[in-house]
Each structure stands twice: as structure tokens, then as C-alpha cells.
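Going down the list, the sequences are from chains E and F. Number 128 in our numbering belongs to position 127 of the first sequence; there are no gaps in the numbering. Number 391 in our numbering belongs to position 389 of the second sequence; there are no gaps in the numbering.
Just so you know, these hints were derived from the structure itself, not from any lab. We put the CB at the ideal spot given by N, CA and C, even for glycine. Treat the hints loosely; a few may be bogus.
[Unchecked claim] Distance ranges between label pairs, derived from CB positions:
{"no.": "1", "chain 1": "F", "residue 1": "A28", "chain 2": "E", "residue 2": "A189", "range": "41 to 49 angstroms"}
{"no.": "2", "chain 1": "F", "residue 1": "P358", "chain 2": "E", "residue 2": "R260", "range": "50 to 58 angstroms"}
{"no.": "3", "chain 1": "E", "residue 1": "T59", "chain 2": "F", "residue 2": "A28", "range": "58 to 66 angstroms"}
[To be verified] Not everything, but these chain F residues come out facing chain E in the computed CB check (under 10 angstroms):
{"no.": "4", "residue": "P133"}
{"no.": "5", "residue": "G136"}
{"no.": "6", "residue": "S137"}
{"no.": "7", "residue": "R145"}
{"no.": "8", "residue": "V147"}
{"no.": "9", "residue": "G150"}
{"no.": "10", "residue": "T160"}
{"no.": "11", "residue": "D219"}
{"no.": "12", "residue": "G273"}
{"no.": "13", "residue": "E279"}
{"no.": "14", "residue": "H282"}
{"no.": "15", "residue": "F283"}
{"no.": "16", "residue": "V340"}
[Unchecked claim] Some chain F residues well away from chain E (every beta-carbon gap over 12 angstroms; in silico):
{"no.": "17", "residue": "S8"}
{"no.": "18", "residue": "E39"}
{"no.": "19", "residue": "P63"}
{"no.": "20", "residue": "Q75"}
{"no.": "21", "residue": "P101"}
{"no.": "22", "residue": "R118"}
{"no.": "23", "residue": "D138"}
{"no.": "24", "residue": "N169"}
{"no.": "25", "residue": "M194"}
{"no.": "26", "residue": "E212"}
{"no.": "27", "residue": "S349"}
{"no.": "28", "residue": "S368"}
{"no.": "29", "residue": "F372"}
{"no.": "30", "residue": "A392"}
The residues making up each chain are set out below.
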Amino acid sequence: MDFNLTEERQMLQDTLRRYLSDKYTTATRNTILESETGMSADIWAGLAELGVIGALFTEEEGGFGGAGFDITTVFEELGRAGVVEPMLETAVLGGRLLAALGNDSQTALIEEVIGGGLHLAFAHGEPTSRYDLNRVATEAKVSGGDIVLNGRKAVVANAEAAGYLIVSAREGGAVDDEAGISLFLVPAGTSGVTLRGYPLFAGGRAAEVTLDEVRLPASARLGAAGAAYGAIAGAVAAANVALAAEALGAMVTATELTRGYLMTRQQFGRPIGSFQALQHRFSDLLIELEQARSAVINAAGHLSDPVAERDRQIAAARNLIGRAGRLVAEEAIQMHGGIAMTQEYELAHIAKRIVMTDHRFGDTDYHLERFIALSAA
Amino acid sequence: MDLSYSPAEQAFREEVRAFLRDELPAALSDKVRSGAELGKADIEQWHAILNGRGWLAANWPKEYGGAEWNAVQRHIFEEEAAQANAPRIVPFGLSMLAPVLMKFGNQAQKDYYLPRILNGDDWWCQGYSEPGAGSDLASLKTRAVREGDHYIVNGQKTWTTLGQHANKIFCLVRTNPDVKQQEGISFLLIDMDTPGIEVRPIILLDGTPEVNEVFFDNVKVPAENLVGEENKGWTYAKYLLTHERTNIAGVGFSQAGLDALKRIARVEMSGGRPLIENPHFAARMAKVEIDLMAMATTNLRIISQAASGQAPGVESSMLKVKGTIIRQEINDLTRRAVGPYALPFPSEALAGNNDPIGPDYAAPLSAEYFNNRKLSIFGGSNEIQRGIIAKVKMGG
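Just chain F, with the same shape it has in the complex (with noise of 0.2 angstroms):
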């Protein structure tokens, strides 16, 4: 046993925390430690910024440009940036399609898609969720129909987060409805601009426009943008998935929000003392931060496994389950600890053109709260991963 990171790791640390120092621009990181929205030219520059270095695509091989950090050294990356207040890498086309194409894409498709990936050209976006089909995705009804050398692709995606901004989409699509649902998907790229295609937003409960609904109305799609072969893309999703694993445990958010809480609570005012100093919220912030103690040592077993080359099975739906519990908390407790200010719904104060209502920290909190009620929702929710821990553990 020992806790500590190598000389090599902390060297590397040392080289994240001078990159984000020196290259990171006031103007995003300061966007994101207030909760203000990022346009998708902010979320573009700052992945400029990472390719420039050739940090952007984390956990790609070197082959493809990409800078093939292992485990740990991913793991000091994203710890480094929550606390930097970066914004967040967009995962959809960098750590969730790219690895799909580079195991079971042809080699036309790496060619063309890897390098606009790194490079911007292409924003993309996923097509999994439907209306009908969301912790039960195997039952997904999306249609596509070979005729020629194109698929006519007929039904609906829902809950794509940022398919404004997208110009691609990765869509699993019913190719043959009658046999067993899990061996009758196909994995499909699309083109955003084809005819027939309609984006319509759904705006939150926060009042934020994140997430959209996709409508394919016979949508010709050519049958190159195949990903491998036709009716296994079930594979492929579920291979996406495990690789869509790192950082599940969300350990920098959480560090940075505890952060930011004890900074709320020395500031914050109660009984005329200082919040922090109120027991029963000083015992609240103590269990959250007794828990993420031990979940980041689990996240680091779990990690340094991963580095040593096995692969993460049911550990990280354990890591999904309590992450979400933990950032969740934080945020409840950092909603709590604004008390009355807590209450504006600052959209003016939120779009960065204002002046704040209370106290500057003040006016993401509630919006925050709501939003990440969707952590332990999306990408499998809690009860789905309970699910698989006990029919992993319980042989079910």
C-alpha cells in the first residue's frame, strides 16, 4: 500500500496545473466558476486550446493524435481542470464515437472522421434515447430501411444534449424489427443537414435549452456512414458505454464543489456567525466530505486497476451510484447555504450581463440543484446500475 502518487505522476500534475495557469483564459474559467452558460464557440476554443497541446483527446492512442494517458494520469487531468474551473471536454464525438471507429469503424471512416473530431470540424452528437426507449434502450423503434446503397431512416431521438450545436449524429437505429431487439441494431452516422432532419429543443427545468428532441422524417442516409456491420450495433453501444467510463465518479466536480461550499459557508452569515461555524451545517458538510474522501480512493483503486490494464467491470456502476449521490449533496448543501438568496431566478444574472441579485456565488445555486438532478438519470440511471451490480454479484 501506498497512497502517493510517483515522482512521475506529480511531475505530470505539476505540467496540468502549468498549462491550465498559463493557457486557460480567464474569460472561460471565470464563465464556469459563476455557473454562466458556455456558447458553443467557448466550449470550441477551449478544445482548441487542448488539441494545441495535443491534451484534447485524452484517451486516444498517439497513432491518431490523441495524447494515450493512462488511467491515473486521466485521472490528475480532470482533477486538475475541476479545480481550474476549465469547462468540461465534450464527450460525444472525442470519448464516445472516436473509440467505437477506431475498434469497428473501416478505415475510410477513420481517416475522414478521427481528424475533424480533434480538429473542430465536426461537432457531433448521440442518438440513443427515445421516448419509448430510455433505461429500456433495447426496445429503441427508430427505423432504417436499406434501399440502394441508403438507408431511409424513419422515428425519433430524444434527450440529445447540445444536438443544437451539432452538425453529426451517432444514432442506433432498428435495421431488422423481427428478431430479438438487441440483434436488430445498426450503428449509423448522420449527417445533421440532411433533409428531413428537425431539432427541436426542450428546455429544463432551469430554464436551459441543454437537451433536444431529433425527428427523422424519411432521412436518406448513404449506406457508407454504416459503423461496422449491419444489425450488430448493440456491440458497439454497449462497447461505447465501457469506454464512456472514466471520470463516472465525477471526484474533481465534487472536490471543487466542496470547495466552493466551504467557501459559500465561510462568507455566509447565521445567528450573526459564520455558517460555517453553525454545527448542524458544519456536520452536514463533514459527511459529504467523509464521503468523497473514501469514494476518491476507491476511484483511484478502481483507477490504478485500469492502469494495469483491467478493465473496470461493476465498480463502475458502484462509482456512478454513489459519484451521483455525493455531487448531489454538495449541491443540495450549496443551494441550502444562501438561504433567501437562494430563491431569484437570476436568468439575467445567469447570461452575464448584470449585476447580481445578493451575493455573486449566489445565482446558479437553485439552477444547479435542479439541473444535476439528472446525474443519477442519465447514462444509465441509479436503479439500472443497481441493477447490474446485483446481477453481477448475484449471478441473476
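In isolation and in its complexed conformation, chain E is listed as follows (with noise of 0.2 angstroms):
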């Protein structure tokens, strides 16, 4: 056993979290929320500089790391910083759906990835699909050579920013059927292909993407044909650990801010950090936060297992984190009071941040019958 980070990992977690806090200040952070891409490309070419995205790749695909204690200690620097820029979408969830599926010059996409000059969307997503991985209604027909997409999906983030969206649509099978779904790379302005973007309530972008007969050649598809969903649920795994790690990281600021403010606001002559109910309900955030910590580790650990154990250990970690996360975002707000409800103070943005988290690949919910199932089998 050795809970230690590795030399390398605790370098990148100094080096990032030094630059994020000398760089990633919270007014810096509410001018790019306002911003109209909602991200800086300033911070993504320095994340880019920094190794970061290198990172969450294997030395084969290009980068010096990739497991999920890369992802891990990645995401919960972003968490902590409460950073809004799509790592998420283009190097864990586009990075590995390129890296599992593509051929030689689909994957030679990773090295501009790595190196901060290309944004990817995965478009999975639809209006009526909720969380579930499975359920894609999105057709793609043969057309001649070619492949024709028609179909909509929802709530695409970083999909203004990306070079290429990686849409799936169905060749086969039943609309949950997980055999029939193939993934196809998307250049940006492919004609067809409609975005409608908007701001996210925690920061970033996303848009609901209508694809109208959107003509693509075969050599577009990425891996075989209906056999795409093995790599989404990876990519997907990768993502849930890489939500936890940054939830975690969120919950680690939402408590530092809490504590200090619990040990310098002064009502009825004293800080009211000396009052024992607030004490108490402090302690149970630790005790949370621990909790919480060691969920994302097991998550981590045991992303290359597998299949059917690495989903139990994940869906695990995904349901905890939820009821933690909730329970710190909001006990912080309430123990701060006002202060914490107006826009301009970095824990609103912290708690926007934890909370929503839950809205991404499935819910503390979703997650607690994922493990039931799971555990059953």
C-alpha cells in the first residue's frame, strides 16, 4: 500500500496549482465567465505549456501519463481553482474516444490536443436520453460512399469551440441497444450540422446540435461500424472519475472558505466559529470530504479493471460524491449566509460547480442504481 503520489504526479500537482492560484484568480475567473466563448485561451495555452493535457494521455498516444491518478490529480487542481475551461470534453472524453477508436490519422488529432491548438465535443447526449450511454436515436445511414446523419443532441458542451465533434448515431439495433451505435468524427462547419450555443449555469458553453442530413465520408467514421459503445463507456468511466476528482477538489475550496470564514466573522461579540453548532456541522464536512477523497481514489484505482468492477467502483464514487458534494455546497452557503449568494464571491462559483457536477453523466440517483445492478451481477 502507498496512499503517496508519485514524484511526477506531485510535481504536476505543485506546478499546477501554483499556476492556477497565481493566474486563475477569481476575478480573472468572472471575466472569462462572462466572457462570449466562456473560456481563455491564454489559460488553455498555458495548461497546454504546464504538461497538463499531456497528462491524460499514455506515453503511446503521445503524453507521459493517462491512468486515472493522472486524471485524478488533474482534475482536482481544476476542481479546487474552480476552472471552467473544457478539459473534460476535449482530452478526457474526445482524447480517449480518439485514442480507443481511431485509425493512424484519426489519432495523429492528439498530438494538436496535447499541444493546446484543438478543441474536441463529444455529441452524445439527446433531448430525451437523460444519462443513460445506451439510448441513441441519431440514425446514420449509407448514402453511396457515404454516411448521412440526421438527429439532435443536447447539451453538447465546448461544441462552439470544437475542431471536430465526435457524434454517435446508430447503424443497427434498437434505440437503447448498446451494439448498433457508431461514433463519427464531425468537422466544425460541416455542412448540416446546426449549433444553437448558450452559457452553462457553472461556466463553460454548450449547445443543442441538430444534425440535417449532415453527408460525411465513410473514412469519417471512427472504428468499426455499431461498435462503438465499449469505448464510450471507457471514455465516460474516465470522465466520471475525472467529475469526481474535480468535485472533490471544489469541496476542498467550499471548506477552506468556510473555515476561515467561520474563524474571522464576528456576530454577538465573538467569530462564530466558536460556536459549537457550527462547529460540529464543520466537522461533519471533514468527515465528508475524507469520505469523499478516498472514494475518488478507489474510482481511480480501479479505472483499468474490468469492465463490470471498474463501473461498480465508479458508480460508487459518483454516488457519494453527489450526497457529499450537496451536503458541503450547501452547508458552506449556509454557514457563510449572504455573502455566499452573491455572484462575485468565489464560493458561489465553488458551489455551482459541486452541484452541478451532479448533472453530468448521471446523478447521485442514476449512480445508486448503476451500483445496485452492478453489484448484483
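Taking the hints as your guide, dock the two standalone chains into a single complex.
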């Protein structure tokens, strides 16, 4: 047993933490939130230069990490600082799908991703698919030598910035079959693709994507026809590890801010943290935080396990983080009082990041059901 | 024991229902239903409609132009109004300041201010909290110094709800810094147009400019604007708080929220089936409904005591704690119900001038969830309420 970070990961953590605490101040981040693109090109270039993107890929793929603990090291730091840049979309989801299924010319794009020059978006969820990964109604039909896509994709994060959308579409099977789903690499601006972009509640941007007779060459397909589900589930598993770690980082910040506030805010002639009723509630947050950290470690440590055990561990982590996250976000706001309700205060953004994590790739209940099903299997 | 409303009360409910059906403009109820922001004109319109019927000032005696409803009638109206998605009555003039003026104001103040509140000539806001005086309100520092026939006011108020619309503010100010905190506070009425007042909006975490900071820099206030006696303001403030305890449980809002949640859960799909059939989600909804059913009866028990003349005491604090927990839980479930469509921040959709992103009911849900975290913070935080309960029941 060794619960220490390797030397490389420790360095990555230190470097990233220093970089973000210097560059990603509350004021800077609030400017980014107000901006039209919802992200900072400078910050993205900075993260690429530090090797943060490269840390999310294996050496074989052109990076120098790519394991579960590389993901958690990076995303805990992003979560601590409330970073809204689309690392999850471009590097984890997009990058892993390319790496898992791409041919040589497709995987060549990873180098651009690692260098910070290319964004990706995973256009998978649909208006009524909720969190089900297997539910794909978008159709792909072979027409002559081409492929034609028709359908709608919902809340596609980072769609506007992406050089390519990675679009899932059905080439066979029923609407909720795992088999029959394919992925296609759709360049930005392809005819028939319409994006309706909007900001997200906790920062960043997404779009509703309409695919209307989108004609692609057969070479746009990633991997074999109808066989993409395993890669999708794998990329989403990694994304769930990342989201859990990001929420953990945000919870650390929320707890730190609360500690500081309890110790300095004076009411009734003394710091409010001297009231035992608040001390006990603050202690409960710390207890849940340790639980959350262990859940993240469990999930990251099992990311390369056989699928059933991998997914069971991940469902457990996301369920626990969902519960602990809501507690931390709500209690941190409550113990701060009114100040935490203001947009310019750091905690407001951090709390939004924590709570909104629960709407990505499954909420607390969804992961509870997954855990029950996978445990019974 | 009899859980039913009397025939007279049922007839009253029908009367309220018919009024809301006939008089509540669809443009207003649509805004409330969709969570769109209500403007000043919207609220003034609704107040004027109610005033036309004599129902704006539910708690005022008839001699001042009020409806003089008892607690049960007020409860029935609030329940029906919430169901009908009527705008909330803005309470600052009507149910916060007015009872204080009626009890402690002089005749000139009553004659001048009360009709203006009723007719919408004045929009009052509340100058209570300060940056350093939140839960510990009595520590407030905004200073008022008597100079001839004026007070000179310096200091800062905060969390002033809808202060951007107000032309008047009632303030707690410190007139004697040398005595016990509670004994040096006065209750002043201040015109917002007076030179030296600056209102700065505070943007809340859901993006709305609902509250403000109000700064006072050598603001000259006529001495006749003092309510009651100098240095007795804390007594009046406490009186105000005990009278602002109707509808503290928010039963009507919770009931309307739960109904909306069920409507959404019937159409949202989870695993190819309606969300309402998902056992985990159904269990969460059931738990909060069970809590709400019991709280509604607790609320009625306290209301019927109040209707028979007993002033509610510590029960108000209990209702505030439980009521806010239930409302916040319903907000949480409703946000969850829409899955990924809770993620967009549809500022355009909320302003009511664009097509919705995803289902039309999804737009305001995350904003409402976050905005309503305030329920357990303002008006005496839930921690303060628990302190009151313990103090009363344990004789501390």
C-alpha cells in the first residue's frame, strides 16, 4: 500500500496548483464567465504548456500519463480553482475516444490536442436520453460511399469551440441497444450541422446540435460500424473519475473558505466559529471530505479494471460524491450566510460547480441504481 | 378535532378562486410559472388589481382600507394565490412597515403613509442588515445624529431586497452608542431621493439583481420621520418581526412547487420510462410530500390558534425551519428531475424573449434552487430560529 503521489504526479500537482493560484484568480475567472467564448485562450495555452493536457494521455498516445491517478491529480486542481475551461470535453472524452477507436490519421489529431491547438466535443446525449449511454436515436445511413447523419444532440459541452464534434449515431439495433452505435468525426462547419450555443450555469458553454442530412465520407467513422459502445463507456468512465476528482477539489475549496469565514466573521462579539453548533457541522464536512477523497481514490485505482468492476467502483464514487457534494455546497453557503449568495464571492461559483457536476454523466440516483445493478450481477 | 374548513371558509376559498381566475392577468401568471423575472410594473399592476378588490392589505383593519382577514382566510388566500401562480405581494410596506406605523406611528404618519402604501405611491424597502450586522442585528452601526430638526445619517445597509425599485426606506439606526446595543436604536423613515444616498446592486449567484447595498453619506432626515420614540426602535423592530410571521411556512409555495415537480416527473424520461415511475425518484418525492402534508397541518394548527387570538410564539420559528427545508428539498428535486437540462444558464430564456433550451419548464430550475438557498438564511437564519426555540423551551 502506498497512498502517496508518485514524484511526477506530485510535481504536476505542485506546478498546476501554483499556476492556477497565480493566474486563475476570482476576478480573472469572473471575466472568463462573462466572456463570449466562456473560456480563456491564454489559460488553455498555459495549461498545454505546463503539460497538463499531455498528463491525460499515455506515452503510447503521445502523452506521459493517462492513468486514473493522472486524471484525479489534474482534475482535483482544476476543481479547487473552479476552472471552467473544457479539459473534460477535449482531453478526457474527445481524446480517449480518438485514442480508443481512431486509425492513424485520426489519432494523429491527439498531438494537436496535447499542444493546445485543437478542441473536441462529444455529441452523445439527446433530448430524452437523460443519462443513458445506450440510448441513441440519431441515425447514420450509408448512402453511396457516404454516411448521412440525422438527429439531435442535447447539451453538447464545448461544441462551439470544437474543431471536431465526435457524434454518436445508430447504424443498427433498437434505440437502447448497446450494439449498433457508431461514432463519427464531424469537422466544425460541416453542412447540415446547426449549433445553438448558450452559457452553462456553472461556467463554460454548450450547444443544442441539430444534424440535418449531414453528409460525411466513410472515413469519418471512428472504429468499426456499430461497435463504439465499449469505447464510449470507457471514455465516460474516465470522465466520471475526472468529475469526481473535480468535485472533490471544489469541495476542498468550499470547506477552506468556510473555515476561514467561521474563524473571522464576528457576530455577538465573537467569531461565529466559536459556536459549537457550527463547529460540529463544520466537522461533519471534514468527515465527508475524507470519505469523498477515498471514493475518488477507489474509482481512480479501478479505472483499468475489467468493465463490471470498473463501473461498479465508479458508480460508488459518483454516488458518494453526489451526496457529500450537495452537503458541502449547501452547508458552506448556509454557514457563510448572505455573502455566499453573491456572484462575485468565490464560494458561489465553487458551489455551482459542485452541484452542477451531479447533472453530468449521471446524478446521485442514477449512480445508485448503477451500483445496485452492477453489484447484483 | 375536525380537519375540514367551515362552510364560510370554503365559500371564501371559492370567492378567492373566482377572483384569481377572472382578475389575475395571464401575462403575470405565465411569468411566475416560467420563473421569469417580474419587473416593477408587473408587481405594481398586481398590487393595484388586489387593491381594487380591497384585498391588497390582507392583515390591515378595515378602518385603514384593509381586508381584515383572520389567519385562516389569509392562509386560504396564500394557498390559492400560489396555486394560481399569482405574483407574490411585496411585503415591505404592506405587512412590515404598516403594522409598526399603526401601532407606534403618530397620527400624521398614519394619515400620510398608509394610503400611499395602499395606492402604490410609495415602494418601501427595508434597511435592517449591515455588513457587520446580520444574525446579530442589534450590533448595527449606521449612525443617526440629531442636529436641530434633522437627523444626519451615515453608514451602510445591505441585502436590501428590491431597493432598486424603492423610493422610501425604513431603517434601524443607532442614535445612542453609549448604552446597551438594543437600547440605542431608532426607527427612521427615509426618502431614497435625499442627497447622500447611493444604491448599488448586488448580483446574486443566479445572476439576478434582487438585493442591494444602500450607502448613507451625511443624509439629512427630518426629525418628524422618526417613528415612535428615540432609542425604542428595537422594540418596534421586534414587533415588526412577530407580525411578519404569517405565511412563514410557505405551504402554498411548497404545494405549488410539488405539483410542478410531479408534472415534470410525469413527462421526463428515465431509462425509457417516465421519471415518476423511477423508484428512487418516487421515494424522494414521497418523502417530501409526507413532510409537507404534516407541516401543512402544523401550520393550520398554529393558524387556528392565532385566529382565536393567541399570538404564535416559538412555533413560528419551528415553521420557518421546517418550511424552508421542505421548499429547498422540492427545489433540489425539481432541478434533478430535468437531468442534463439543468446545466444551461438560459439568461435569454429567463428574460422571456427566446425559445427555450430543452423543455420549457427547465429554464429557471437551477437558478431557483440556488436562489432559494436564501430562504434558510434571511429573515433570521435557521440557526437563529433554532437558537430561539432552544432559548424559549429550555429557559436559557
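Structure-based check of all given hints:
no., hint, result
1, A28(F) <-> A189(E): 41 to 49 angstroms, "holds, 43 angstroms"
2, P358(F) <-> R260(E): 50 to 58 angstroms, "violated, 40 angstroms"
3, T59(E) <-> A28(F): 58 to 66 angstroms, "holds, 60 angstroms"
4, P133, "holds, 9 angstroms"
5, G136, "holds, 6 angstroms"
6, S137, "holds, 5 angstroms"
7, R145, "violated, 19 angstroms"
8, V147, "violated, 24 angstroms"
9, G150, "violated, 35 angstroms"
10, T160, "holds, 8 angstroms"
11, D219, "violated, 23 angstroms"
12, G273, "holds, 6 angstroms"
13, E279, "violated, 13 angstroms"
14, H282, "holds, 4 angstroms"
15, F283, "holds, 6 angstroms"
16, V340, "holds, 8 angstroms"
17, S8, "holds, 40 angstroms"
18, E39, "holds, 15 angstroms"
19, P63, "holds, 34 angstroms"
20, Q75, "holds, 33 angstroms"
21, P101, "holds, 25 angstroms"
22, R118, "holds, 30 angstroms"
23, D138, "violated, 4 angstroms"
24, N169, "holds, 24 angstroms"
25, M194, "holds, 21 angstroms"
26, E212, "violated, 9 angstroms"
27, S349, "violated, 7 angstroms"
28, S368, "violated, 5 angstroms"
29, F372, "violated, 7 angstroms"
30, A392, "violated, 9 angstroms"
Of the numbered hints stated above, those contradicted by the structure are hints 2, 7, 8, 9, 11, 13, 23, 26, 27, 28, 29, 30, listed in ascending order.
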